[in-house]
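Participant: The opening residue of the sequence shown carries number 1 in full-length UniProt numbering; numbering runs sequentially from there.
Hints were generated in silico from the structure; no laboratory data involved. Every value quoted in this text rests on a predicted model; they were computed, and no experiment measured them. One should not assume that every hint holds.
What the hints assert, rightly or not - Computed beta-carbon distance windows for the label pairs: (1) 221 to 97: 15 to 25 Å; (2) 101 to 131: 35 to 45 Å; (3) 64 to 36: 14 to 24 Å; (4) 216 to 168: 16 to 26 Å; (5) 97 to 2: 47 to 57 Å; (6) 40 to 229: 30 to 40 Å; (7) 1 to 104: 38 to 48 Å; (8) 212 to 174: 16 to 26 Å; (9) 49 to 79: 19 to 29 Å; (10) 97 to 130: 45 to 55 Å; (11) 100 to 64: 26 to 36 Å.
From the three backbone atoms N, C-alpha and C, an ideal C-beta is built for every residue, glycine too.
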Amino acid sequence: MAKTALVTGASSGIGAEFARRLAGTGHDLVLVARTRPRLDALADELTARHGVRAEVIGQDLAAPDAGALVAGELAARGLAVDLLVNSAGFGTAGRFERIAAEREHDELMVNVVALVDLTHALLPGMLARGSGAVVNIGSTAGFTISPYFATYAASKTFVLNFGLALWSELRGSGVKVLTVAPGPVDTPFFDAIGSRKAAIGAKMSTPGQVVTAALRALERDRGYVVPGRGNIGLAHLMPRRPRKLIALIGRRVTREVADDLTPAIP
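Whole structure, please, built from the sequences with the hints as guidance.
Facilitator: Next comes the structure, spelled out in C-alpha cells:
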C-alpha cells in the first residue's frame with residue numbers, strides 16, 4: 001500500500017520539489033497551499049507522470065484554525081498521513097517598525113502556528129502506527145540573530161528548537177523528525193520579501209539540492225541538516241560567539257537589505 005505525504009507550501013519552491021520527488025518514489029500526496037490553481041496543475045502533473053493519487057487542499061495557513069481545517073478535510077476524505085512536510089513559510093525584512101504588523105502576524109501564523117498545529121494533528125496517528133516522519137523547513141537564520149529579519153529569524157529559531165526537541169522525544173517510537181536549515185534558496189521567497197539582496201550575497205542553493213540533502217538526512221534520522229558546505233560555518237560557528245556581539249555584527253551585515261527596502265535613516 002502506498003504511503004501518503006502531506007506537503008504544505010506545495011505550489012512552488014521547496015514544497016513543489018518535495019512533492020515531485022516524493023511522487024517519484026511512489027508516495028500518494030496531499031498538496032496544501034493558498035494558491036489552488038497551481039496545486040491543481042501540480043496534482044495533474046504528478047498523477048499523469050507517476051500514477052500516484054494527488055489530493056489538493058486549498059487553505060490559507062495564516063488562518064487561526066488552518067491546522068484544524070486541514071485535519072478535518074483529511075478525515076472527511078479518509079486520508080491517513082505517513083509523512084508531513086511543513087514547507088510553507090515566508091519572510092519579512094527591513095526595519096521592524098516599518099513592516100506591516102499584519103504581515104508579520106501572518107508570518108508567525110504560517111511559519112510557527114500552522115506548523116505546530118499540523119504536527120499536533122498528524123503525529124498521534126503516526127505514533128499509533130509505529131511509523132512516520134515529520135520534516136520541518138527551517139533556515140540557517142534560525143541559528144543566529146538577524147537584525148532587519150527579526151521576526152523571520154526568530155520564527156526559524158522556533159522551528160529548529162521545536163524540531164530537535166521532538167526528534168529527541170520520539171527516539172525509538174518509529175517516527176522520525178527532521179529539521180532542514182538551508183541558506184538562501186532560489187525560490188519566490190525573495191520576490192515576496194521584495195529584495196534579492198536579502199540573500200546577503202550568499203550563493204543560492206536550488207530546491208532540488210535542498211530536497212536531496214533532506215531526504216538523505218531523513219533516511220539516516222539525522223535530526224537536522226544544513227544543506228550546502230558554505231552554510232555549515234554559519235550554522236555551527238556563529239552561535240558559539242557572544243550573542244550581543246553576533247547581534248551587532250549581524251546589523252552591519254544586513255543593513256543594506258533594510259536600506260534597499262525602506263529609506264535610510266540618517
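Participant: All the hints need checking, so say for each whether the structure fits it.
Facilitator: Hints versus structure:
no.: 1; hint: 221 to 97: 15 to 25 Å; result: violated (43 Å)
no.: 2; hint: 101 to 131: 35 to 45 Å; result: holds (42 Å)
no.: 3; hint: 64 to 36: 14 to 24 Å; result: holds (20 Å)
no.: 4; hint: 216 to 168: 16 to 26 Å; result: holds (21 Å)
no.: 5; hint: 97 to 2: 47 to 57 Å; result: holds (50 Å)
no.: 6; hint: 40 to 229: 30 to 40 Å; result: holds (38 Å)
no.: 7; hint: 1 to 104: 38 to 48 Å; result: holds (42 Å)
no.: 8; hint: 212 to 174: 16 to 26 Å; result: holds (24 Å)
no.: 9; hint: 49 to 79: 19 to 29 Å; result: holds (21 Å)
no.: 10; hint: 97 to 130: 45 to 55 Å; result: holds (49 Å)
no.: 11; hint: 100 to 64: 26 to 36 Å; result: violated (18 Å)
Comparing the model with each earlier hint shows violations of hints 1 and 11; every other hint is respected.
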